[in-house]
Amino acid sequence: MKILVCISKAPDTTSKIAFTEGNTKFSEDGVQYIVNPYDEWYALVRGLELKESLGGTVTIVTVGTAADEPTIRKALAIGADEAVRIDAEAKDAFQVATEIANYAKGQGFDLILTGKETINYNGSQVAGMIAEHLDLPLVSLASKLDVNGVTATCDKEIVGGLETVEVQLPAVISCAKGMAEQRIPNMRGIMAARTKPLNVVAASASELNTEFVAYDLPAPKSAVKLIDPENMDALVELLHNEAKVI
Amino acid sequence: MSVLVYINSNAGKLSKSAFEAVTYGKMIGDVTVVTNGSTGDDILSSLGAYGAQKVLVDRSFDGTDAQQLTRLIGAAAEATGAATIVFSNDLVGKAVAPRLSVRLSAGLVSGAIGAPDADGKIKVNVFSGKAFGHVKVNTTKRIISLLPNSFQPEEVGGSASIEAFDGNVGAPGLVVKATKQPEGGVPLPEAELVVSAGRGLKGPENWGMVEDLANELGAATACSRPVADIGWRPHHEHVGQTGVAIRPNLYIAAGISGAIQHLAGVNGSKVIVVINTDAEAPFFKAADYGIVGDAFEVLPRLTEAVKKFKSAN
Ligand SMILES: Cc1cc2nc3c(=O)[nH]c(=O)nc-3n(C[C@H](O)[C@H](O)[C@H](O)COP(=O)(O)OP(=O)(O)OC[C@H]3O[C@@H](n4cnc5c(N)ncnc54)[C@H](O)[C@@H]3O)c2cc1C
Chain A
162 MKILVCISKA PDTTSKIAFT EGNTKFSEDG VQYIVNPYDE WYALVRGLEL KESLGGTVTI
222 VTVGTAADEP TIRKALAIGA DEAVRIDAEA KDAFQVATEI ANYAKGQGFD LILTGKETIN
282 YNGSQVAGMI AEHLDLPLVS LASKLDVNGV TATCDKEIVG GLETVEVQLP AVISCAKGMA
342 EQRIPNMRGI MAARTKPLNV VAASASELNT EFVAYDLPAP KSAVKLIDPE NMDALVELLH
402 NEAKVI
Chain B
84 MSVLVYINSN AGKLSKSAFE AVTYGKMIGD VTVVTNGSTG DDILSSLGAY GAQKVLVDRS
144 FDGTDAQQLT RLIGAAAEAT GAATIVFSND LVGKAVAPRL SVRLSAGLVS GAIGAPDADG
204 KIKVNVFSGK AFGHVKVNTT KRIISLLPNS FQPEEVGGSA SIEAFDGNVG APGLVVKATK
264 QPEGGVPLPE AELVVSAGRG LKGPENWGMV EDLANELGAA TACSRPVADI GWRPHHEHVG
324 QTGVAIRPNL YIAAGISGAI QHLAGVNGSK VIVVINTDAE APFFKAADYG IVGDAFEVLP
384 RLTEAVKKFK SAN
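For the record, the sequence lines run as chains A and B. Going by this note's numbering, the first sequence opens with residue 162, and the numbers climb by one from there. Going by this note's numbering, the second sequence opens with residue 84, and the numbers climb by one from there.
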């Protein structure tokens, strides 16, 4: 079983979100980067579990610059045999997916796993784009993944319900909650991560289909209106007449 | 300008997000809808009321297989010469739009909450709802995937013509083995009203009062992450930065502290009501209406008040 896990960096969930250069750039001031939680908790951990039960290798891939290497080492500390960094600043999902597809082509990966989406751009685009580039099936937002020989069985969310699907390998799977439990790296993992191979490969200079040209922040909320807990009729009246939501 | 809108009609009826997508398409140009499955012509032609001129329907396959739909929509885009293709950013849109983007070399904007401005820039949610981004598309064709509940469907009158269309879709990529049908409640991402609760409810046995209020309002139920993690509630109810992001008209949160990761997924809500025993809970800073009180008393009282209001109106 040869598994490729795509990871992205993301700002720590408690980061203050702010923008610089006339609101055109995310301010990295004081921002700690983590491995995008969906990639780490679900895609990477499930990949490792499959390797542990079926044998094989887990390779981590990311599109990023040298500045992203600490994040890659964090992922290596959880597990994986090696990491690959495709040397380019990640700017849009199409570029990232094209780079990863170009790298993965012809390498014989049985499974390409991604997280459901990143918590910074929330696009949920990369997995589908890789699948189309490589003409592979995709299980989007899978919450369960089992491999049986040359097929995989997945649970995936459908509106309000759940669908169990079977897919021929090789396949691309985007991983959502339920697939695995977060693993906290131990000291041994952290030490081992320092010496695991982190190969840098040149980017194929994929173009950008889209660009974020500006950002802004939501308007601040006005002060909360406190309601007497004994008087819920007053709340209902406000929701009806003032807020007009019921 | 010709706009192609994909809608999922597989449930045999049309969802609100289908009308939202057609309304959005209409703001940009002349709308042709593409869909598949066996939903009747009469139902499909009702999309005309929202501005669709034509519905192309491929009756050769049911379901929402991403590879089949990519071929269908790709063929329809070619046949209509559409430069803009619109999706709802729901579970099907998330699987299909990225594939189509590669197939058509069309830039994809997902999570759109605004119409293209004069320079074609489109506003989207980023940082899990903590900020907005404005995206420029560099390709001649573009795909826009709308965040549910961001556009009010608008009736303009009219009726759409129905045309059979062969998308030459081939075999599905996935074989569906079993389906656990939706439980009948309101699906969370589309819900206009949501009642949510957190660890303050103390245990799963206390969710009856959350469900009572939700039923009385016709609302969906949601929860904070720890509540889903410990198995008090199903995972698909978990809202927040690492769960579902929602934008209902009304979000009622009981016994939830309002951690930054929780707020990220719900601060697009139009009106937020917070019920918490702790007046210092951070959620009150993000709330429109606040009740400092015990959820075990306030929730049943609120359910009674809603009941009274409903019977009087
Ligand atoms: C990387 C990361 C991602 C995360 N993603 C998410 C996410 O997507 N969604 C999410 O929700 N969380 C997320 N979290 C967790 C988040 O930080 C909080 O821990 C979580 O939201 C707290 O849940 P809670 O409010 O239910 O529980 P608590 O923080 O324990 O709050 C319980 C609240 O209930 C109140 N209370 C107690 N008794 C009563 C009563 N009788 N009546 C009324 N109020 C009462 C208390 O005053 C308290 O405010 C994430 C954390 C991390 C690190």
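Do not take every clue at face value.
Stated by the list, open to error - In silico contact screen, one side only, chain B against chain A (beta carbon under 8 Å); selected entries:
| hint | residue |
| --- | --- |
| 1 | Lys109 |
| 2 | Gly112 |
| 3 | Arg182 |
| 4 | Gly216 |
| 5 | Gly240 |
| 6 | Ser242 |
| 7 | Ser244 |
| 8 | Lys260 |
| 9 | Asn289 |
| 10 | Trp290 |
Unchecked claim - Here are some chain A residues the structure puts well away from chain B; computed CB gaps all over 12 Å:
| hint | residue |
| --- | --- |
| 11 | Gly217 |
| 12 | Ala337 |
| 13 | Thr356 |
| 14 | Leu359 |
Simulated from the structure, these hints should not be mistaken for laboratory data. Here the structure is a predicted model, which is why all the values come from computation and not from measurement. All C-beta atoms in this analysis are idealised placements derived from N, C-alpha and C, irrespective of residue type, glycine included.
task: Enumerate the violated hints, using their earlier numbering and listing them in ascending order.
output: 1, 2, 5, 6, 7, 9, 10 and 12
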